[in-house]
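Keeping their order, the protein sequence lines are chains Z and H. Under my numbering, the first residue of the first sequence carries the number 1, and numbering increases by one thereafter. Under my numbering, the first residue of the second sequence carries the number 1, and numbering increases by one thereafter.
Hints listed in this document are in silico derivations from the structure and should not be mistaken for laboratory results. In this text, a Cβ means the ideal position worked out from N, Cα and C, and glycines have one as well. Accuracy of the hints is not assured; some may be wrong.
Stated by the list, open to error - Below, in silico cross-link-like pairs of lysine-lysine (DSSO-like), each with a Cα-Cα straight-line distance of 30 Å or less:
no., chain 1, residue 1, chain 2, residue 2
1, Z, Lys-26, Z, Lys-38
2, H, Lys-119, H, Lys-53
3, Z, Lys-330, H, Lys-29
4, Z, Lys-330, H, Lys-187
5, H, Lys-610, H, Lys-298
6, Z, Lys-330, H, Lys-47
7, H, Lys-459, H, Lys-511
To be verified - Which residues of chain H face chain Z? A partial, calculated answer using Cβ under 7 Å:
no., residue
8, Ser-335
9, Leu-546
10, Trp-548
Stated by the list, open to error - Here are some chain H residues the structure puts well away from chain Z; computed CB gaps all over 12 Å:
no., residue
11, Asp-28
12, Ala-51
13, Val-280
14, Ala-281
15, Met-307
16, Phe-317
17, Arg-562
18, Phe-654
19, Val-676
20, Leu-685
Residue-level listing of the chains:
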Amino acid sequence: MAQALNGQLRDFSLPDVLQFILQQRKSGRLTLTYHHEKAEVGISRGNISHVDIDGRNVETVIRDWLLSCGRMTPEELTGVESVSRSMDRSILETLVAKKFITAEERADWIQIVAEDLICDLFQWQEGAYEFNTDVPSSTIRGVGINLSTEMITMEGMRRLDEWPRLRDRLGSPGVQVSLAQLPQSLAELGPESLILRQLEQNSSAITLDELERRVPFGKFRLYDTIVAYADDGYVTLRQDGKTFDSHVPISLEADTPRSSSTVALLAMGAGLMVAALLVNWMMTAAIGHLASVPERGFIGAESRFESIKLHTAIQRYRFETGEWPTGLDKLRTSVPLTRGERNSTLGMEYGYRARGTRYDIWLREESSEPRNKQP
Amino acid sequence: MLLALAAVGLCSTLPRTPLQAGLLDAQDKFQTFRSQAPDLAAALSGKPVQADKVQPEFYSLPVADKAAVALGNAAMGLWTEKVRPGSGAAWIRESSRLSESDLGLQWLMVLLQLRNGTKASFYLQAQGMEATMLAQGWTRLPEAASWLLASAAEFESGNQTEQASMARVVAARLDPVSPVPPWSQFKVSLRAFDATDAYSHAAEAYQRMLAYPENQQILAFNVLRILRYALALTCLLLLLSWVIRYWPFIVHGLAERLPRDSNLYLRYGVLALIPVALLVAGLGLVSMCFLAAAVVWKRAKHYERVMIGLIILFVGFQPWLTGLESTISSHFDQSGKEAVYQRTVQEGWSEDLQNRIEKSLARATNEERAILTASKAILLRKQANYSQALDMAREAYRLNPSEQRIGTNLGNQLFLMARYDTATKVYQTIQSGNWDNGPLLFNLGQSIAWRGRTDSMAKLIANASPLARYRIDVVARQNSNAFQTLPPNRLVMDPELSGREMWTRIWSDFKAKRWTVDRWDLQTGLIDIPPESILVASIALLVFLLWWGNRPERRKTLFECRTCGRVMCRVCRKGIHCAQCFRRLSGIEEVELRNQLLDRIDRESESRRKLLRLTMDLALPGTGRLMAAPSAGAFFQVFLLGTCLAYSLNLPNFLSLYPVSETMVGQGVAVGILVVLYCLGGIQLVRGLGKDATNAIKEA
């Protein structure tokens, strides 16, 4: 058997693998294993054509549902199965032929059940995957499933995202649901209206577990639909004999920026910068004062040259204008000193003061009284 | 804080050179002169004078006040030269003679003549100043030359080309060592299309560069520094572009911990303030560089890792590169033996220099003591204490007889004490076929000539190498121009190191690690890795990154959205989509509509990337290209930007007293390249900002 792709789901999740296969337009069988669980997904030109999780597939799920809701007896099922085997066709086709379900119902159920089964697989975060391309086309063809991989991937992710909220709200054991009122037209609600029909058959409230057995939907679809119906007022939710609000906040709040958080973040940034400036000020003051000014090496040399240049610039300014410059920044024109030359190479500013016919320049502007001492 | 306040007392005023101190005193004297002779002072200041009062004022000047009489003579000379050219020469010469011991007063008169006098009066006054300079033992006055070049630039801008030219000529005479004044003349001649003149000035600048090793040192230092800064800036820009490129990967985990109901890009932006704050707080560039390399490494591609490794090593070797610079610049520092000796050779006596020699001698090693003692001998000789100078020269020779400069110095002292034969023997011992040493050959020639063997002296000079002859010519020309006022000092030239010997010493000092580099020299920031630990830290970091970077990830933690390329983690991803794409795409089942939406998202993300690239290209040309599609051209553009930025920031004007306008050759070209780079960035941005990019801005 040709093994095209294998690996661990923790490295490449199922959506990634499915997306990769879709991009390559490959056909084959994707097998997932996790401990004792095993799932098989048939893929035809990148899209999903079959799904089986530990023996649960579209046929078995629909068959089991028909039995549990009483639309079919075990004897009838045995007959249907033998007919299917002898005619080499799927049970679903025989069910339609024997009028247990309609052709429309069959198409709906296939779509819904396959979707739910695949979406359940997305919860697998660990395990191994293996994709084989050399498989019989009949296996891939299955019961006529044709799910868009891209669509199912997005739907699966949406379910993963919303499931925790639904589970928190409706997942408690004591939650019961009862019919409040029927809509004007059940057909408009689609296949999921089956839930309302089941509730209509029961005069009293039933638990969600019971309801789950009576419909062929996965848990997510069931809970999601019940929440929607509760919002529309078709069903009532009860727990411990009390009704409760069915509203589940499923809107994606995180995608809408809140102004309060934005302001908090901006304030945090501003605070960070202020703190940085404070540290800089303290460090400049401390290091600048405590370090001795070197006489040797580059700094020793350049500070001598800088000093001479500053004196020349100040004296030339006075010679040309007749007055002392008010600050060292005025020396840009007398001898074109750059900003770097007006500041010390040590990273400290020069101090300057003129009095009468004399002036002083000294290093470290913090000092107010320069001393006439050789550096 | 108490310690800090106590340390404030350490600060001291920066000393002036004797010329600068003298000018201040001279200006005081000129103020007094204004009250003594207002009209003469007005004549010197270029103001209108009452002709009938000039002479009476001059004759009423107090004879004992030499400064006043000197200023009076200068004023009379200036005034009469203006009235009748050629008639003021005697006055001006007299003013120079009267102030021959006052360099500051001479300088003031030169400046006044330049501003208010005629060409002849200015040249005469400058000649007097040059004579005084030589007489007092100064061989150059670069601060005066720098002033004159600044004045020349101003005259030039005011269309006073003749005065500008005069200032440049005198600048070249007052500083016969630096190549900057002739280079300045060369530039002017070139602008005037005077090829002959330009060639002679360029040749003069070139000769000075070759003849005086200190010019080579200054050039080498500045070239080294500009190269180091350009490379460092390029490395920083490269790291910056990679950090920006991989920033979402670097900080996504942290961004997810910030309030998730805020915009993701805002969270990225706020986290970007962390490195900015570190920089603002004073974290040094070395640490920042290591930090950037570490955070980028895991995401970097193979070639980027190679380059990051090279950058880390380059940073690691910074102390050594700075050490080479430090070794070169130690010949100009404040208390190094070479710097003190060189100052003694070039400067006349001053209290500052004498104190410096004494201070250096007090803490000198035995090796340093010899040359410092020779320095002291030279200074004593310049004070006319010849016998003491001879004693000192002998002491220096005893300490280190193998040093050529010390031997020559002894010869000089002997020669000045009229012991010509002994001096000749000393010179000849040192000379032994060395035809490159100009000062030695000049001194030997003098010594021979004083014994009457002028033909032997001529033969000796004729055999000298062109460079040696150039140096001899300079001194001979100066001496013949100012022979009337010259002291015996000028009969000898103080020995200096030849270029080859100087570079050999610098290299051996560097190899023997006779240099120190501290945080001042690296100038990276307030808080940084100590220079002595940088290499060790860089190697340790590199080894760690090689080990850590090659370790396989246990699980993939970050992904890129297949639709829009945003970074997402296991928490925020929605399968193959990021939260935003997921929100936009979910619920849309119609294939055509979805495809349209996917196209739109793709276009928007492409526009966003384009916008970031163009913005970076506008801010730091080349970094955007480097980020989007690395190529040799992009790397070159970043290097060009780094080099031009480093040059435009006036980096190569260290160890020079001249204004940047004179020393920064081609600064205009560097600024021009920068302007072109930024204009191209701007044009690219405007052209690139199509409708999609505008939409992307709105989206952002």
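Quick rundown of the hints versus the structure:
no., hint, verdict
1, Z:Lys-26 with Z:Lys-38, "holds (21 Å)"
2, H:Lys-119 with H:Lys-53, "holds (25 Å)"
3, Z:Lys-330 with H:Lys-29, "holds (26 Å)"
4, Z:Lys-330 with H:Lys-187, "holds (28 Å)"
5, H:Lys-610 with H:Lys-298, "holds (25 Å)"
6, Z:Lys-330 with H:Lys-47, "holds (26 Å)"
7, H:Lys-459 with H:Lys-511, "violated (41 Å)"
8, Ser-335, "holds (5 Å)"
9, Leu-546, "violated (24 Å)"
10, Trp-548, "violated (20 Å)"
11, Asp-28, "violated (6 Å)"
12, Ala-51, "holds (25 Å)"
13, Val-280, "violated (4 Å)"
14, Ala-281, "violated (4 Å)"
15, Met-307, "holds (29 Å)"
16, Phe-317, "holds (17 Å)"
17, Arg-562, "violated (7 Å)"
18, Phe-654, "violated (6 Å)"
19, Val-676, "holds (23 Å)"
20, Leu-685, "holds (26 Å)"
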